[in-house]
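Each chain, written out:
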Amino acid sequence: MAAVANTAAAGRKSFLRRNAVWWIALVLVMLLPQVAHSGTSIAVLNQMCIMVIFALSYNMLLGQGGMLSFGHAVYFGLGGYFAMHLIQLANAAHFFMPLPLTPLAGGLAGLMFGLIFGSFSTNRAGTVFAMISLGIGEMIASSSLIFTKFSGGEEGLTADRTDLTPFFGVNFGRDYQVYYLIAAWMILSAWLMYRFSRTPLGRMANAVRDNPERAEFVGYSQKRVRLLSFMAAGFFAGIAGGLFALNYEIVTDETVNLTTSGVVLLEAYIGGVGFFAGPIVGAVVYTLLQTLLSNYTEIWAFYVGLIFVATVMYAPAGLTGLIMMHQPIWRAGRLRSLALPYLQIGVPALCCAIGVIGLLELLHFISVRAVGKSTKHLFWTTIDVGHPTAWVVFALLAVGGFLAARRLAPRLAAAWGAATVDIHARGER
Amino acid sequence: MSAAIELVDLHKSFGSTQIIRGVNLAIERGERHAIIGPNGAGKSTLYNLITSKHVPTSGRIRLRGEDVTGRPPYKINRMGLARSFQVTNIFPRMTVFENVRCGLLWAMGYRYSFWHDVDRLDDVIERSMKVLEDIGMAARADVPAGVLSYAEQRELEIGITIAGGADIILLDEPTAGMNRSETAQTVELVRRITENKTLVMVEHDMSVVFGLADRISVLVYGEVIASGRPDEIRGNPAVREAYLGEEVD
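As they're listed, the protein sequences go chains S and L. Just so we're aligned, residue 1 is where the first sequence starts under our numbering, counting upward by one. Just so we're aligned, residue 430 is where the second sequence starts under our numbering, counting upward by one.
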């Protein structure tokens with residue numbers, strides 16, 4: 001009852017205080033380029049912001065609505081194509097079209113195609129929905145190479161965003177100008193998507209996800225609830241696609257294909273679909289892995305796959321879930337009691353990770369190396385792959401680390417149990 | 430005035446198995462009506478037909494004179510008919526408060542709104558709390574529904590059912606699986622919340638049926654063999670033979 005009273009009271013707090021988290025996010029996002037001001041880091045930030053919107057829109061389906069889509073890139077890519085067409089058209093016909101508004105064209109395209117494809121795919125969630133989404137994804141991906149008048153075929157569509165009429169004197173020729181534009185859209189979209197989750201429709205999307213039959217018996221058509229969520233998700237995916245178009249000034253079939261649909265699923269899941277912030281975490285982590293890790297290793301995508309499988313198996317609530325698990329312990333002031341057990345298991349786990357990574361990198365190296373090349377830089381040392389030493393060391397680290405970590409796991413579990421024992425009891429009351 | 434619910438020559442078969450074989454029944458407005466019958470008589474099927482979970486093979490269903498046969502459940506609900514489920518059917522990941530709120534959003538006119546903030550809908554919050562008080566669960570408002578005890582989940586189920594203010598309430602074995610004191614409590618609750626409403630319930634427990642119902646219909650092998658006041662049913666020899674046995678005495 002206390003929390004109900006609190007939510008009611010929260011409703012009356014001032015606009016400024018109620019949205020404190022959003023104001024902080026806004027300030028952070030605005031200050032980021034001061035810290036990371038190189039061209040590369042701005043490019044990474046742009047990509048991150050676009051993926052945050054895309055992943056959040058995906059979670060309106062998976063996390064909020066219980067719809068597992070394998071084809072969400074359709075709305076992202078089509079949004080990109082439509083926004084690009086608008087930019088091209090405005091350039092050719094010289095009509096007034098401020099660049100900051102062009103993502104809306106992408107959003108409207110996403111909304112429209114959400115209505116079209118949602119109208120026959122949202123009757124049920126589950127396998128049927130997933131299969132239809134996959135089919136539509138394949139259909140649109142191939143269409144982008146068939147209807148080349150619209151999509152530009154394999155070369156895709158390109159345009160110069162600076163050809164548009166300057167917006168209050170800004171022509172978005174500089175990368176930081178584009179960043180602020182994308183960041184503003186990100187904050188606005190994220191805020192709107194959060195607000196959506198707190199409306200009657202957003203709440204009933206959860207209800208339909210958890211128990212569609214009951215939702216029908218309190219007056220809601222499960223199909224209509226899913227369709228409206230689906231359209232909203234399409235809208236925000238389209239916005240993200242529109243931002244992609246104006247950022248890269250090129251849209252190709254890659255934006256609509258199944259790989260992109262897979263990436264957004266991966267991001268949302270790794271971040272945690274059960275939390276609003278989950279996809280944000282997922283998009284940030286994925287983009288970092290993609291852009292930074294790829295500087296160090298060619299098989300970064302393999303590691304992302306590993307992380308994904310590990311998440312599904314051991315932390316289905318995602319990275320955000322792992323963090324949030326610690327919140328009650330932190331509140332009880334007992335986080336410190338976990339430090340030693342974490343450290344104890346962390347060392348062998350790290351050894352195991354180093355061993356596995358080492359073996360993978362060596363395997364990759366011998367399969368792609370140039371003839372006669374037998375040394376590889378790895379972990380700040382030069383390794384002779386012809387010599388068995390490195391192989392043996394990595395194998396020992398991997399196996400030994402794994403066995404040690406497994407032996408220490410019960411100790412961590414015990415410490416965890418001790419730290420949470422009366423917290424659960426309190427929740428029960 | 431037309432009956433609250435009218436069933437006309439209702440049939441339902443699953444494959445070649447006939448479950449409901451020609452039921453004619455009129456349930457008047459404001460009446461508490463119990464449907465009883467031995468196991469396998471088709472009580473639950475009949476119940477699911479009335480609430481449109483199943484579509485009848487033939488026959489008509491009328492709600493206040495309007496033919497509603499084959500309409501989807503959400504349309505039936507919007508006409509003021511609400512049902513509970515035999516197997517507890519709540520939203521387990523939401524709190525008790527949110528469960529009740531789901532039950533009344535449509536009825537209070539918020540429909541598919543994506544422009545209202547649910548945390549600021551004072552009328553919704555107030556009415557949800559009122560329902561929680563009615564079912565005696567106000568103190569449990571913030572508990573996730575999934576961790577409630579069985580009896581509490583059943584009460585919450587009734588709470589969701591009545592939250593929308595429907596005037597025709599259908600309850601499917603509201604006291605199944607409850608102990609004596611929980612049963613007594615639930616009977617009291619049902620009596621209170623169905624004041625001036627039409628109640629249709631399927632129930633096994635004879636003390637519950639005879640304590641609550643104004644009229645009773647006895648279903649045997651998919652047919653209504655008797656329908657009348659509790660004392661008439663008690664004295665009906667066919668009913669005694671078919672179903673009640675010595676239980677009544």
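Some clues are possibly wrong.
Stated by the list, open to error - Here are the simulated distance ranges between beta carbons:
| no. | chain 1 | residue 1 | chain 2 | residue 2 | range |
| --- | --- | --- | --- | --- | --- |
| 1 | L | GLY575 | S | GLN34 | 45 to 51 Å |
| 2 | S | LEU134 | L | GLY575 | 30 to 36 Å |
| 3 | L | SER442 | S | GLU138 | 37 to 43 Å |
| 4 | S | MET139 | L | MET635 | 58 to 64 Å |
| 5 | S | ASP422 | L | ASP660 | 27 to 33 Å |
| 6 | L | SER636 | S | ASP422 | 37 to 43 Å |
| 7 | L | SER442 | S | ALA332 | 58 to 64 Å |
What the hints contain is simulated information worked out from the structure, not anything from laboratory work. Heads up, the beta-carbon is just placed ideally off N, CA and C, and yes, glycines get one too.
Results of checking the hints against the structure:
no., hint, result
1, L:GLY575 to S:GLN34: 45 to 51 Å, "46 Å, holds"
2, S:LEU134 to L:GLY575: 30 to 36 Å, "32 Å, holds"
3, L:SER442 to S:GLU138: 37 to 43 Å, "41 Å, holds"
4, S:MET139 to L:MET635: 58 to 64 Å, "60 Å, holds"
5, S:ASP422 to L:ASP660: 27 to 33 Å, "56 Å, violated"
6, L:SER636 to S:ASP422: 37 to 43 Å, "42 Å, holds"
7, L:SER442 to S:ALA332: 58 to 64 Å, "59 Å, holds"
Going through the hint list in order, the structure does not satisfy hint 5, though it satisfies all others.
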